[in-house]
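Number of protein chains: 4
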Amino acid sequence: MTADTPTTTLCHHNLEGVVYRDKDLVSELLGDNVDFTRVMSEHILGRDISDIELKVINAALVVLMEHGMTPSAISSRLVYMSAPESLQGAVAAGLLAVGSSFVGTMENCAELLEEIVGCESGAARIEKVQKIVAAHREAGQPLPGFGHHLHKPDDPRAIELLRLADQWGFNGGYVRALRMLGAVVDEQRGKHLTINATGAIAALFGEIGIPVRVMRGFAVISRAAGLVAHVAEEQQAPSGRFIWDLVDRSIPYEGSAGR
Amino acid sequence: MTADTPTTTLCHHNLEGVVYRDKDLVSELLGDNVDFTRVMSEHILGRDISDIELKVINAALVVLMEHGMTPSAISSRLVYMSAPESLQGAVAAGLLAVGSSFVGTMENCAELLEEIVGCESGAARIEKVQKIVAAHREAGQPLPGFGHHLHKPDDPRAIELLRLADQWGFNGGYVRALRMLGAVVDEQRGKHLTINATGAIAALFGEIGIPVRVMRGFAVISRAAGLVAHVAEEQQAPSGRFIWDLVDRSIPYEGSAGR
Amino acid sequence: MTADTPTTTLCHHNLEGVVYRDKDLVSELLGDNVDFTRVMSEHILGRDISDIELKVINAALVVLMEHGMTPSAISSRLVYMSAPESLQGAVAAGLLAVGSSFVGTMENCAELLEEIVGCESGAARIEKVQKIVAAHREAGQPLPGFGHHLHKPDDPRAIELLRLADQWGFNGGYVRALRMLGAVVDEQRGKHLTINATGAIAALFGEIGIPVRVMRGFAVISRAAGLVAHVAEEQQAPSGRFIWDLVDRSIPYEGSAGR
Amino acid sequence: MTADTPTTTLCHHNLEGVVYRDKDLVSELLGDNVDFTRVMSEHILGRDISDIELKVINAALVVLMEHGMTPSAISSRLVYMSAPESLQGAVAAGLLAVGSSFVGTMENCAELLEEIVGCESGAARIEKVQKIVAAHREAGQPLPGFGHHLHKPDDPRAIELLRLADQWGFNGGYVRALRMLGAVVDEQRGKHLTINATGAIAALFGEIGIPVRVMRGFAVISRAAGLVAHVAEEQQAPSGRFIWDLVDRSIPYEGSAGR
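Chains as they are written, first to last, in our numbering: chain A, 1 to 259; chain B, 1 to 259; chain C, 1 to 259; chain D, 1 to 259.
Isolated chain A (complex conformation) (with noise of 0.2 Å):
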């Protein structure tokens, strides 16, 4: 083994039993009140978490476990329906969806709350966020975590997290940025745009210290689980044949005459 060789943290393995951390399997981790939320939170995260910091994360990962027929859910279906014999595959399709356009904008939003939160005091923070919100409107672009096309005026999940956030008592700053941010939103477009879900889960995990790039992965777990659900489903009541059917249909053929 040189310098060069990589080590790693994570998990244990001989005859006699398996350490995931430091923590016998067995002897410290299964037994009568054994939580898997837990376990993997502190197994992602390499520390302890609180009561607290776990219920945020049971919060998020409901939140992001189902919106219904969404691309990811169809995708998962129809590779159901031609291969069945590979329910990972089926979920390994609709967990490629998990990208940049939806998820990856509750990474954009929790680095602009930490560029508020960094900033070094008040009269900074405020012109931070004035600055990221013009600086938006200008490029024409969406504010991350801001504004949903199904959810108006407000996004309900966002005000519940929010609210949670309250209660729980949580005052790291990412929370109050995504407040101050949403109020000059409102303010420079002179009129209200929610706060979406994906921003409240941006504050809320950059409140308890989840890495930015890691905060995906709590996506892709919550939505995996999801994807289970369709998967069972389309097993019981399949709409595989039935989406196949009305897209192809839908989507009418033209020669490359007519473009």
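Hint data in this document are derived by calculation from the structure and do not stem from the laboratory. None of the hints are false.
For the chain B half of the interface with chain A, some residues (derived, Cβ under 10 Å), not all of them: (1) Glu66; (2) Gly68; (3) Gly240.
Just so you know, even glycine gets a beta-carbon here, dropped at the ideal spot from N, CA and C.
Fit chains B, C and D to the known structure of chain A by using the hints.
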């Protein structure tokens, strides 16, 4: 909408809210005691689950989450090195390894347990168990749910899971069927072969009524969490380049003449 | 290196060059007449292929490449919309649908053809064909390689592929076995059922000695090309959002009570 | 159908036939001279391609197909071992590694070449090249299309591809721009840095007008073929278990205290 139009019971959304299986997300599923594992399990299974059932699912998810540098984890790490813009792609690549060779044995074991439990009498069950074990021995096939290349003489995870099953008072016949299989295996072979973790989980999942073809879904969710931990470690302490070089130089090229 | 160390015959690289299966990439495979389909086919099969074999592979790849808005194509388009940073993820999602339900029938048909070709006499072949058709009818199973939900009474691709097989002079027995199956199917059913494209390709691939379990690989390569075309079209004329909305509003939510 | 309904120019099918982009599959694309690489290239690009353009695409596909035990190939092999029921899953896992780190440099190089070619005069081009090289040096960023960790001092594939470009008579400016970059790189560094294969392909693809964001698609198709060869070898001479054991024992576990 014709008679052939499928429906979904999973999710409904409108301007004001989101419903998961008859329950309002904001007012009924979020809140101070939100529990992701319960919500997702009820979402997948389409029914309320008891506290004991939830303990079983938590335990299974924790056990299936991680086993170090597995084919899944190696694939996720290599893909992440190659495409760091797509965390979801790295996790998806690893999940594609949750297939028939390892996790699939859980389903195969569960099917055997269903056959045994479905027998009409104790005598019929004993006969069925004898036949199953003998048939696998004659065909030279491994008995699904038994044996482990790393954990000998016993898989400590299986022992603990079955101890918990006793503590939690299950008597649906699945755990008993697994133990009967184990006793007959040892007797016919003349030496001890461990019940492994997938065998124990198959029995526990049988006890709480998870359909066989949904079982792999829980493994996929759990493993997704483990793979996110591997990607998060890869972000901080990369191993991808090391693995690539190691494998590339350890598998020699041999001209066709050499075969 | 122990006796257990695997070797590879596929590729070797060093400072000066790259070798694909004994051939120097630069001096032997590139050049004015470079042909990708030939190079990749010889790479996969591990042997030189004749000009006629190359024609078969070209024809099969062209036929398998595209069939409009299939589950594969829809999935790739939806994933691309959601994660445009990862073209590879969009194609991978679509490829996951190249499974047992559609393309897998090619392998199942090929196995039947192998059984028939392997018979020792013409009489044994006829008996085998009769048995195969009868067994599928009794079990109510579709005969792999036969029937098509869109192309009736005949799949024009199959007719052309078999015409080409005649033109190219194959007489290994696979094409004949497929036609025998077709004649007996029609006779036993009392009406005509088309040989489909996957059936014809199974026969042609049998004629040129492609191993059954490698066949799906050619379908995957071909379909990858088709999916790249769908992604390229999606870049210019996006359909993802339309598909999402269409499916979401066409599959109604139904509370659990409704089932 | 509203004004917003997307259309497709790719494929149309009905009872009698299948059309790929205005051409009848059976009567116009199949036949004695069928060429998959031509058909798929025209399908992706939406236009006829010349014989010289076809040579370029063939050469690029052959070069991108294979490079031994890469992250892609290792992932495909490990996933195939774990889920042999799903060849498509193994290939998909490997394709997910066709991301920004390696193949993505092709697109980044192509963008630089487009900037250079787009300059209005020779003097402007020279100035642009000087600026690009200097900017990358100052930022400490590798120049996309240059350097290779294995092939030194020169990537022999790049030399051959550029020689072919000369032979085929391209003068659209992309190959010349790449060579200008190379000359300035060597001058500014005071020593030689190789143009690599992805750089050369970026230039050749530029010459034949392949849009930058479609380029990765050709890499995906080519690599799919290479990965099928790895899976086919894995079927005959498995390496998956060896790789797993090798990696597992070569990356030591270290308790958290060790970091």
